[in-house]
Amino acid sequence: MEHVKISEELSAFRERVPGCSVVLFADLSTGMVLASNSAEKMPQEQLDALCMDACETLSNVQAGAVAEAAFDREMPEPDVAFRADGRLIQCFVRLPGELEEALCIALAEAVVPEELVDEASGTLRRILSETT
Amino acid sequence: MCSERADDTSRFMQAIAALSAAPEPVSEYGRLISSDRRNAFEAILLEITETVLRRELTFKNENGEQLTLDVAERRILRVVDVCKSLGSARGDVPSQCLAPEHSGETLRLLQRFQNLAQDIFVRIRLPESPAPAGYTGISVRDLRAAMEETVSDTRVPEPLARALEICRMHASVAVTDASGGIVALFGKEDESSALSQVSAQFFELNQKNGDNVVHLWRWSSHPTKIVILAKANGICVSLVTSHAHMTECFNQLRRAVCQCA
Numbered sequence: 001m002e003h004v005k006i007s008e009e010l011s012a013f014r015e016r017v018p019g020c021s022v023v024l025f026a027d028l029s030t031g032m033v034l035a036s037n038s039a040e041k042m043p044q045e046q047l048d049a050l051c052m053d054a055c056e057t058l059s060n061v062q063a064g065a066v067a068e069a070a071f072d073r074e075m076p077e078p079d080v081a082f083r084a085d086g087r088l089i090q091c092f093v094r095l096p097g098e099l100e101e102a103l104c105i106a107l108a109e110a111v112v113p114e115e116l117v118d119e120a121s122g123t124l125r126r127i128l129s130e131t132t
Numbered sequence: 001m002c003s004e005r006a007d008d009t010s011r012f013m014q015a016i017a018a019l020s021a022a023p024e025p026v027s028e029y030g031r032l033i034s035s036d037r038r039n040a041f042e043a044i045l046l047e048i049t050e051t052v053l054r055r056e057l058t059f060k061n062e063n064g065e066q067l068t069l070d071v072a073e074r075r076i077l078r079v080v081d082v083c084k085s086l087g088s089a090r091g092d093v094p095s096q097c098l099a100p101e102h103s104g105e106t107l108r109l110l111q112r113f114q115n116l117a118q119d120i121f122v123r124i125r126l127p128e129s130p131a132p133a134g135y136t137g138i139s140v141r142d143l144r145a146a147m148e149e150t151v152s153d154t155r156v157p158e159p160l161a162r163a164l165e166i167c168r169m170h171a172s173v174a175v176t177d178a179s180g181g182i183v184a185l186f187g188k189e190d191e192s193s194a195l196s197q198v199s200a201q202f203f204e205l206n207q208k209n210g211d212n213v214v215h216l217w218r219w220s221s222h223p224t225k226i227v228i229l230a231k232a233n234g235i236c237v238s239l240v241t242s243h244a245h246m247t248e249c250f251n252q253l254r255r256a257v258c259q260c261a
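The listed protein sequences derive, respectively, from chains A and B.
Per this note's numbering, residue 1 is the first one in the first sequence, and the count goes up by one each step.
Per this note's numbering, residue 1 is the first one in the second sequence, and the count goes up by one each step.
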């Protein structure tokens, strides 16, 4: 029942976000993909790779150094991270204080980061309220 | 009449300068002004800004490398002496009295020195030689203007330079080259110069990210500060902006990175 609900949330999320090729719900503490929804069927390795990118980007030691430089003090891990190159945008979102579960998104189109984060946070909040 | 007054002022300042004792150094190398490479450049500029009466400022690092400037009225009049490791950078700066048109070369010399080591000390003494006649010198404002011009430097890819013109209106920005050398700083100096060092380090340690990439981080505990790092064709950009300008800065840099790829 829970899994159905998560899948529905991910599917609805992808429909609401133009250009979203894949969205997955992951446990960053174990690096496991818990559920996913993609425009085309994707091999598990690609989903795992996106999950690993989330772990690296949100929990990156160097990201900690960047934060320390920006805020002039030790900082917790960030809740939101984006990584974009010439072909793809990745977005990783956690809820404040929830370090384990994250929503990982890959898009091919330009985005409004703020709107995407709001959308992802809402989806994640609903998923977590269902699973806890 | 005006000329006489100017002569009097000049004589008066010379008399005060001669009577004023140079501050005593607090260690073998002098007074420690920076122990963090991230703040070193600003610390050097601050020493220049605070020097009104003519003095020779010798900046020295823990390796014994040094750079001596003749400074008066908050302006660099001459580069008196440089260590061997700055030899090639020294070659571009004229040995005689400096003028604002030499700001670019002088800026690069200071930046090269700043990048040599962590700790920087200063020792201040009275100059032995008389002040160059009719000097203009280089002010800290001239150096900052030179820094801004370097954004249109050939090292900065054009799409990135265009994006920076917009981002710098809303953010504290540091632009560095692949080795971490500062190309330009904009906005709040403490934020941008602190970021300038970590950005090069970040990209060096995360090379799998490729050469043309943008990163953004947001902390719920500090929602007003967004950190963005970008790299395009070997040039690193790091900036701190507000939540309100997150989208514009991110998309400007992303577009630039796409064009550079």
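Calculated from the structure, these hints are not laboratory results.
Ideal Cβ positions, reconstructed from N, Cα and C, are used throughout, including at glycine.
Accuracy of the hints is not assured; some may be wrong.
[Unchecked claim] Among the chain A residues that face chain B by a calculated CB cut under 7 Å, a handful are:
hint, residue
1, Pro43
2, Ala69
3, Pro78
4, Ala84
5, Pro113
[Stated by the list, open to error] To spell it out: a stretch of chain B is covered by chain A in this simulated footprint if at least three of its residues, at any positions, have a beta carbon under 8 Å from a beta carbon of chain A; those stretches are:
hint, stretch
6, 213–226
7, 236–245
[Unchecked claim] The following residues of chain B were derived to be distant from chain A, with all beta-carbon distances above 12 Å:
hint, residue
8, Thr58
9, Arg125
10, Arg141
11, Ala146
12, Glu248
13, Cys249
14, Arg255
15, Ala261
Unsatisfied constraints (hint numbers, rising): Violated: hints 1, 12, 13, 14, 15.
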